[in-house]
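*Asks:* Sequence:
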Amino acid sequence: MENSQLKKDLNSLRKTVSETSPSSAQQNLMIQFEALQEELERRREECIQLHSVLADHTRRMKSLGTSYGRDVDIINEDGELVLAFEAQKKINSKLKTKAPRGEQLEDELQAKERNWRSQRDEWRNEIDRLQEEIEKQQKLLSINLSKSPQTQAELYMQYEVARLTSENLELQEKYDKVAEECRRFKKQCRILAKRLKDAGLPNTVEYANGCVAVSSTHGDGSNMPIIRKKERDYEGMFEFRKEDINLIIRHLVIELKPRIAVTLLPGLPAYILFMCIRHTDCINDDDKVRSLLTEYLNAVKRVSKKRDDFDCRVLWMSNTLRLLHNMKQYSGDKPFQIENTPRQNEQCLRNFDLSEYRVVLSNVALWIFNNLITNLKERIQALTVPALLEHEAISVPTDKTGRPRSSSMGGEPDSTQQKLDKLLGELTSVHKTLQYHGVDPEVVVQLFKQLFYFMCASALNNLLLRSELCRWTKGMQIRYNMSHLEQWGRDRRLETASEALQPIIQASQLLQARKTDEDVNSVCEMCNKLTANQIVKILNLYTPVDDYESRVPVSFIKKVQDKLKERGENNEQLLMDLKYSYPVRFSFNPSDIRLEDIEVPEVLHLPMLKKV
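Numbering follows the UniProt record's numbering, with no gaps: position 153 of the sequence shown is 153.
Think of the hints as simulated: they come from the structure by calculation, not from any bench. Some hints could be false.
[Stated by the list, open to error] Cross-link-like lysine-lysine pairs, in silico, DSS-like; alpha carbons within 30 Å at most:
1. K377 with K529
2. K529 with K449
3. K306 with K242
[Said to hold, decoys possible] Pairwise CB distance ranges (calculated):
4. E243 with V360: 52 to 58 Å
5. N115 with E160: 34 to 40 Å
6. K8 with R195: 30 to 36 Å
7. N298 with E442: 26 to 32 Å
8. Q131 with Q172: 25 to 31 Å
9. A162 with D333: 40 to 46 Å
10. E39 with E135: 56 to 62 Å
Since we're looking at a predicted model, the values are computed, not measured. For every residue, glycine included, the Cβ atom is placed at its ideal position computed from N, Cα and C.
Start from the sequences and build out the full structure, keeping to the hints where you can.
*Replies:* Put into structure tokens, the structure is as follows:
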């Protein structure tokens with residue numbers, strides 16, 4: 001009965017822990033602990049009383065024996081000894097039953113106490129963790145209150161990144177454990193399957209190897225045999241009919257929206273298309289592959305022209321490049337097989353040489369790349385000069401007239417102050433879009449390098465044509481604005497692209513540099529990205545800030561010209577060419593994604609594709 005009571009208490013405690021808060025569970029545990037303690041004290045008191053009764057009875061018997069001496073018959077004449085002996089036996093039996101029961105209660109009490117202590121330690125650890133989390137939040141909040149909104153956002157993003165990184169690590173550890181268990185179970189299944197096969201049970205072997213059981217229901221179906229369907233080992237191909245090519249391209253290219261594509265595997269349309277190409281190679285149907293690639297190229301061109309959408313062009317530049325890389329990786333050419341797995345080498349094309357189509361795909365990707373550059377130039381053209389030349393983040397002293405020493409031409413001050421943030425926000429949006437669609441990092445660097453060149457050329461040409469910008473204070477402002485743009489590039493690992501900003505950076509440094517005869521060599525070495533005409537033009541346009549600052553001496557300009565002639569350069573260009581383009585190179589970027597693992601999601605509406 002007492003065991004059932006203990007089980008009942010234990011179930012009650014478990015239920016309380018699972019349904020209530022930790023504080024309620026702790027309170028319930030303490031109540032049961034106190035009840036058990038009272039029960040133990042009561043049992044101990046009973047044992048003490050029984051021991052005292054036994055001792056008293058023994059003492060009386062001894063005193064009785066000494067009183068009667070050797071005449072024992074007198075003592076036992078009424079059967080007193082028998083009664084006393086029976087009473088003693090009962091007392092001893094009670095003591096024997098009570099003692100183990102008390103020990104059992106004490107053991108159970110100690111076990112519950114240990115359990116309670118372990119739970120208390122767990123709750124304390126949880127409280128400590130929550131306390132640390134609260135302290136971090138309070139620290140972050142206090143820092144945010146003392147920082148600018150931009151700094152607050154950066155700190156919050158850093159905190160979120162750290163938190164998500166920690167969660168990802170925990171999830172990765174869990175995934176590794178589950179994967180290890182899965183591998184262990186598969187190994188056990190293979191061992192058991194081999195044993196069963198040796199025993200002559202082939203159907204069971206198929207089931208052990210991962211077969212899918214399909215029960216046949218006919219009538220009640222209780223006695224019908226089970227049909228076991230073996231899981232297939234796919235080759236990484238999609239089978240399709242030639243008459244379905246137009247429908248496939250329409251669903252895969254024309255009707256695919258960028259907002260849907262970002263939820264899928266980056267480059268998934270390219271992988272699906274290449275798996276279709278592999279099937280045409282397997283059956284050696286050159287007309288089929290020619291029709292498929294022609295329809296794809298025409299659809300990509302049509303979509304890129306029709307939709308004046310930056311996201312759409314990024315999507316199809318990324319997929320065209322991925323298809324180009326896949327053709328190279330699975331072409332069978334040795335230079336493109338260095339990083340391939342043995343399975344990928346087995347999946348190389350066997351009948352087709354698609355080198356000519358690789359050239360066409362590269363040209364289409366280059367055409368989309370140039371369209372993206374043109375679109376981006378239009379987006380940032382109105383922001384470049386106000387953000388880099390006119391934005392005044394540093395307070396500037398005033399001259400004698402009470403006006404700022406450096407003034408902006410056109411536009412209101414408030415809107416000018418926001419141009420730099422708008423420019424950086426626009427660049428951030430472009431970079432995120434490229435990342436979402438999985439554009440190759442080398443292509444991202446080349447795109448931003450071309451974009452930075454356009455921004456630099458626009459800013460420098462304006463500087464060379466506006467004398468009010470050629471001041472020491474303006475040079476300081478321009479350098480400060482450019483530092484923000486450089487830091488933005490460093491944060492996104494675009495240091496190579498930031499080299500295109502050097503001409504305007506050196507122009508701002510030239511405005512701040514000392515201009516004495518002793519500084520001729522340092523000025524020429526500092527401005528190695530500027531032409532001689534540009535350096536001389538900036539020196540001639542330089543305007544003193546105050547009366548005590550003189551104009552640049554003619555002798556200094558003459559010495560600079562003579563020093564620059566030693567360069568031996570033939571470039572007499574004054575204004576930078578806004579239409580200049582860097583050479584674009586699409587480096588080979590192999591993929592480690594297994595073609596046999598790729599599935600067609602339902603959102604693409606391609607039921608006509610059959611995985612092989």
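*Asks:* Run every hint past the structure and note whether it holds.
*Replies:* Here's how the hints hold up against the structure:
1. Using a Cα cut-off of 30 Å, the hinted pair K377 and K529 holds, with the two alpha carbons roughly 22 Å apart.
2. Simply put, K529 and K449 have alpha-carbon atoms about 15 Å apart, close enough for the 30 Å limit, and the pair holds.
3. Simply put, K306 and K242 have alpha-carbon atoms about 26 Å apart, close enough for the 30 Å limit, and the pair holds.
4. The beta-carbon spacing between E243 and V360, approximately 24 Å, falls outside the hinted interval of 52 to 58 Å.
5. Under the hint 34 to 40 Å, the C-beta atoms of N115 and E160, about 38 Å apart, fit the expected range.
6. Range check, K8 to R195: about 47 Å between beta-carbon atoms, so the 30 to 36 Å window is missed.
7. A hinted range of 26 to 32 Å for the beta carbons of N298 and E442 is consistent with their spacing of about 27 Å.
8. The supplied range of 25 to 31 Å is met by Q131 and Q172, whose beta-carbon atoms lie about 27 Å from each other.
9. Remark: the range hint 40 to 46 Å for A162 to D333 is upheld by a beta-carbon distance near 44 Å.
10. About 44 Å separates the C-beta atoms of E39 and E135, a value inconsistent with the hinted range of 56 to 62 Å.
Violation of the numbered hints given earlier is confined to hints 4, 6, 10; the remaining hints are satisfied by the structure.
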